[in-house]
Amino acid sequence: MRQQALQSNKWEYATCKQHHNDSWLYRWEPRTKIVAAVSYIILTLSLSSISTLLVAFSLVLFSTVAGKVPLKPTVKKISWLLPFLVLMAIPLLFGNGLQPTTEQYQFTGALLLKALTSAAVMIILLSTQSISSFFQALGNLKLPPYMTAILFLTFRYVFLFRDAIRDVEKALRSRNFKFKNNPRKYNTLGEVLGGMFVGAFDRSETLHRAMEARGFDGTLRMGPAKTINIKDLLLATIVIFIAILLILIDRGVLFYGY
548 MRQQALQSNK
558 WEYATCKQHH
568 NDSWLYRWEP
578 RTKIVAAVSY
588 IILTLSLSSI
598 STLLVAFSLV
608 LFSTVAGKVP
618 LKPTVKKISW
628 LLPFLVLMAI
638 PLLFGNGLQP
648 TTEQYQFTGA
658 LLLKALTSAA
668 VMIILLSTQS
678 ISSFFQALGN
688 LKLPPYMTAI
698 LFLTFRYVFL
708 FRDAIRDVEK
718 ALRSRNFKFK
728 NNPRKYNTLG
738 EVLGGMFVGA
748 FDRSETLHRA
758 MEARGFDGTL
768 RMGPAKTINI
778 KDLLLATIVI
788 FIAILLILID
798 RGVLFYGY
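Just so you know, we're using the numbering used here here: the sequence shown kicks off at 548 and counts up by one.
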């Protein structure tokens, strides 16, 4: 019980921790900010030119600086994606041989920029508001209640899984366990992973029974929505307008030959 309370406190601290900032990104009403962010991502995914994708990504970084979002942690979070993106790019570039074509370079570059832009937008979205405000906004946007509940519980269990990994690693190191290429080590790791899966299943069953006992029907009870003012609507309109403008430039409708 004490350990669960400590884990809960860690999670509450992590989800409620927010930079005390009075910039426009932090004061932006959550619902309109979510709509603008998702719209920007969807419209950016329809771009095909490397140049316009670079502009779209640069605008996100500029918004980070202009909105007084800490740049170093944001870039660090984006960099976590780089190993996965590199692994994804290798077969795209060298799938047809060791001499990639120009089309392969362009396709891979566009895909990487789309992934980086989407990730940067989501990181900024989650960094400029508390998690409780984010899920409250999702609920007030009239999303299906089960979808909101699944997202919330998934996010909650990410922290529990992280803490479980750290506890297991600490326990193994305290027993002088070293991660070396040894068949016995693999047996130990297999037993540890199996125990973690069994523990996770048991915990999920306990949680399910506890939620049923409290009358949970799949709907998270959200508080009242914040008031949307003209500035919030104006910011959302500007973001969507910029994304549409980039599409028009990308298609050659504006500034032909760009």
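Errors might be hidden in some of the hints.
[Unchecked claim] Under the rule of at most 30 angstroms between Cα atoms (straight-line distance), these lysine-lysine pairs were calculated in the BS3-like manner: (1) LYS689 / LYS778; (2) LYS624 / LYS661; (3) LYS732 / LYS661; (4) LYS732 / LYS717; (5) LYS623 / LYS689; (6) LYS615 / LYS773; (7) LYS615 / LYS717; (8) LYS725 / LYS615; (9) LYS619 / LYS732; (10) LYS725 / LYS624; (11) LYS778 / LYS615; (12) LYS661 / LYS778; (13) LYS732 / LYS778; (14) LYS661 / LYS725; (15) LYS661 / LYS619; (16) LYS689 / LYS619; (17) LYS615 / LYS732; (18) LYS725 / LYS778; (19) LYS773 / LYS717.
[Claimed, not checked] Derived DEER-like restraints, expressed as beta-carbon distance ranges: (20) ALA757 / PHE641: 45 to 55 angstroms; (21) ASP749 / PRO617: 32 to 42 angstroms; (22) ARG722 / GLY656: 25 to 35 angstroms.
Everything labelled a hint here was simulated from the structure, so no lab data went into it.
The C-beta atom is built at its ideal place from N, Cα and C for all residues, glycine as well.
Results of checking the hints against the structure:
1. LYS689 / LYS778: At roughly 22 angstroms apart (the allowed maximum being 30 angstroms), LYS778 and LYS689 satisfy the hint.
2. LYS624 / LYS661: At roughly 16 angstroms apart (the allowed maximum being 30 angstroms), LYS661 and LYS624 satisfy the hint.
3. LYS732 / LYS661: Violated: LYS732 and LYS661 sit about 40 angstroms apart, past 30 angstroms.
4. LYS732 / LYS717: Holds, because 16 angstroms separates the two Cα atoms, which is no more than 30 angstroms.
5. LYS623 / LYS689: violated (33 angstroms)
6. LYS615 / LYS773: With Cα atoms ~23 angstroms apart, LYS615 and LYS773 stay inside 30 angstroms; holds.
7. LYS615 / LYS717: violated (37 angstroms)
8. LYS725 / LYS615: violated (43 angstroms)
9. LYS619 / LYS732: Violated. LYS619 to LYS732 sits at ~38 angstroms, over the 30 angstroms cutoff.
10. LYS725 / LYS624: With a Cα-Cα distance of about 28 angstroms, the restraint between LYS725 and LYS624 holds, given a limit of 30 angstroms.
11. LYS778 / LYS615: Within the cut-off at roughly 18 angstroms; holds.
12. LYS661 / LYS778: Satisfied, since the Cα-Cα distance of roughly 28 angstroms is no more than 30 angstroms.
13. LYS732 / LYS778: Cα-Cα ~59 angstroms, so violated.
14. LYS661 / LYS725: Violated: LYS661 and LYS725 sit about 39 angstroms apart, past 30 angstroms.
15. LYS661 / LYS619: Holds. LYS661 to LYS619 sits at ~21 angstroms (cutoff 30 angstroms).
16. LYS689 / LYS619: violated (34 angstroms)
17. LYS615 / LYS732: violated (47 angstroms)
18. LYS725 / LYS778: violated (56 angstroms)
19. LYS773 / LYS717: Cα-Cα ~43 angstroms, so violated.
20. ALA757 / PHE641: 45 to 55 angstroms: holds (51 angstroms)
21. ASP749 / PRO617: 32 to 42 angstroms: holds (39 angstroms)
22. ARG722 / GLY656: 25 to 35 angstroms: violated (47 angstroms)
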